[in-house]
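Chemist: Sequence:
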Amino acid sequence: MRRLLTVLAAGVPLAAAVYLPTASAQTTDTSAATRAACSAPSVKAPAGTQVESVTAAAHEGGTIAGTGILGGSVSGVPAYCEVTVTLTHPGDNDHAQVRTWLPVTGWNGRFQGLGGAAYLAGDNNVGLGTAVKSGYAAVSTDAGVGDALDTSWALNGEGRVDTALLENFASRSQHEAAVVGKEVVDAVYGKHPAYSYFTGCSTGGRQGYMEAQRHPDDYDGILADAPAVNWDEFEVATLWPQVVMNNEKTYPSQCEFTAFTNAAVNACDSLDGVKDGLVNDASRCDFDPRRLIGTKVLCQGEELTITAADATVVRKIWDGPRTTSGKKLWYGVPVGADLWALAAHTDPDAEGNVVGSPFPVPAAWLKLWVAKDPSLDLSHITYSRFTQLFKQSQAEYDKVIGTDDPDLSGFRDSGGKLLTWHGEADQYIPTQGTVQYRQKVERELGGTKKVDDFYRLFLAPGTNHCGLNGLDGSADGLAALTAWVEHGKAPRTLPATLVDGQGQNVSRDLCSYPQVSRYRGHGDPAVASSFKCVSPSRH
Numbered sequence: 001m002r003r004l005l006t007v008l009a010a011g012v013p014l015a016a017a018v019y020l021p022t023a024s025a026q027t028t029d030t031s032a033a034t035r036a037a038c039s040a041p042s043v044k045a046p047a048g049t050q051v052e053s054v055t056a057a058a059h060e061g062g063t064i065a066g067t068g069i070l071g072g073s074v075s076g077v078p079a080y081c082e083v084t085v086t087l088t089h090p091g092d093n094d095h096a097q098v099r100t101w102l103p104v105t106g107w108n109g110r111f112q113g114l115g116g117a118a119y120l121a122g123d124n125n126v127g128l129g130t131a132v133k134s135g136y137a138a139v140s141t142d143a144g145v146g147d148a149l150d151t152s153w154a155l156n157g158e159g160r161v162d163t164a165l166l167e168n169f170a171s172r173s174q175h176e177a178a179v180v181g182k183e184v185v186d187a188v189y190g191k192h193p194a195y196s197y198f199t200g201c202s203t204g205g206r207q208g209y210m211e212a213q214r215h216p217d218d219y220d221g222i223l224a225d226a227p228a229v230n231w232d233e234f235e236v237a238t239l240w241p242q243v244v245m246n247n248e249k250t251y252p253s254q255c256e257f258t259a260f261t262n263a264a265v266n267a268c269d270s271l272d273g274v275k276d277g278l279v280n281d282a283s284r285c286d287f288d289p290r291r292l293i294g295t296k297v298l299c300q301g302e303e304l305t306i307t308a309a310d311a312t313v314v315r316k317i318w319d320g321p322r323t324t325s326g327k328k329l330w331y332g333v334p335v336g337a338d339l340w341a342l343a344a345h346t347d348p349d350a351e352g353n354v355v356g357s358p359f360p361v362p363a364a365w366l367k368l369w370v371a372k373d374p375s376l377d378l379s380h381i382t383y384s385r386f387t388q389l390f391k392q393s394q395a396e397y398d399k400v401i402g403t404d405d406p407d408l409s410g411f412r413d414s415g416g417k418l419l420t421w422h423g424e425a426d427q428y429i430p431t432q433g434t435v436q437y438r439q440k441v442e443r444e445l446g447g448t449k450k451v452d453d454f455y456r457l458f459l460a461p462g463t464n465h466c467g468l469n470g471l472d473g474s475a476d477g478l479a480a481l482t483a484w485v486e487h488g489k490a491p492r493t494l495p496a497t498l499v500d501g502q503g504q505n506v507s508r509d510l511c512s513y514p515q516v517s518r519y520r521g522h523g524d525p526a527v528a529s530s531f532k533c534v535s536p537s538r539h
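Residues 1 to 539 (our numbering) make up the sequence shown, in order.
Keep in mind that the hints were calculated from the coordinates and are not lab data.
What you were told as hints is all true, and nothing was included just to trick you.
Computed Cβ-Cβ distance ranges for the label pairs, DEER-style:
(1) A58 to D347: 49 to 55 angstroms
(2) S75 to D150: 25 to 31 angstroms
(3) K44 to P495: 39 to 45 angstroms
Derived lysine to any residue pairs resembling SDA-like cross-links, with alpha carbons at most 25 angstroms apart:
(4) K449 to H487
(5) K372 to A395
(6) K449 to H215
(7) K440 to D407
(8) K391 to E248
(9) K372 to G356
(10) K182 to R35
(11) K367 to L389
It should be emphasised that the depicted structure is a prediction, and the values quoted were computed from it without experimental measurement.
Where a beta carbon is used, it is the ideal one built from N, C-alpha and C, also for glycine.
Construct the entire structure; sequences and hints are all you get.
Modeler: See below:
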């Protein structure tokens, strides 16, 4: 658990910071003079709900501490009014809190909805505080569920899936938050927001895509990064590394996993024309892990020799889950990503026994929602059983939480803009799942150019899960989205700061998919102008 808490404290993979828009995203219009009177407004219940209560509280601002396991903080938050609306769906016995934070002065006329992380449906105050600091009125919902790793709501007292709470978490609560939040803004300020935006990463990214797919009029712009779309598939797929190790009865050490990753990055680093420790288009890296068989690895003072069995495990993890007959089920961990994130395990005991340490988010999904068995021993899942569970998750939950409907025509026709970046070294959500979704949208809506009119995807080399939120780089996606929505300036590239193989910050303009970045052959590799975006066929 300590390993997990360390990971979470660093903000990975749950994107605790949600979105921290930089100053470039905040512009103030004539509505800045609006002053919020902090009193509980009358709120009309969204369709299918009842309003249980409405409260208002004035806050002085200052430093806001993040709640729950994600923690974090944001300082310099101005005074704000918090309006909390509790909703219930008659017959479901649920209680979802929708919290809207409104700056007392300096409102920029915009509205921002905030997504969640892992099993946390909304924000833990850090994102709300950051939005208010940037002049936004902001909304978040808890969907009636718990904290990021709280899955106590999954099954009811009879051991059955609580379908009402799952629906809240999957889709309806975010829509209701948008409806309620804008109603509160109108009541408090006496005017509608000029523009409405949604921001989120991981679970929040999935929620953004759900909004675009099912409620295309909720937001003018959606910034949905490292999105957990294809939830019913990738959540099961991310247990594949544990299944492989248990079935192959081989558990490479963390040092050995790192050796494989470093070797692959070194082999594929120059795909973009320069050696800098950043692999562009990681899906094209075809490094064969068998090349490391016999290599010596120094690990905590002990010299280990990489075996053929170790290489087999890594090859299967990179390749991704397959049926026993070889049919591919989903994508594997991207080459260059941290393998230990999903393939962690204990050190061997005195008898040489090793116990896998599955990442808790997919482990809970498989045990509770798919198998409906909290006591399921994941270490005994065979390859054939894994296939059965994978297909069961697809069959039961694709329409509920898959969030992979490629028909975005409603969002397009409403004038909405969707912007996404995804790290190419994402250790928790395979980048290729997002690419596959984008390709499906292109097939559905007439090709790359037509889709580019309203939906753009940017892939970030060497970047981990939600890593451009300040973990291993940064990008101001909200500023780019605002310029696109409000001024029609579609982002041809997304300026970003990445961290190269030497741990140094480098500037890079992320290319709009399907283009990829290539070194011009001259110039400082740490400077974005030394690269150009080219089509993959020329890469």
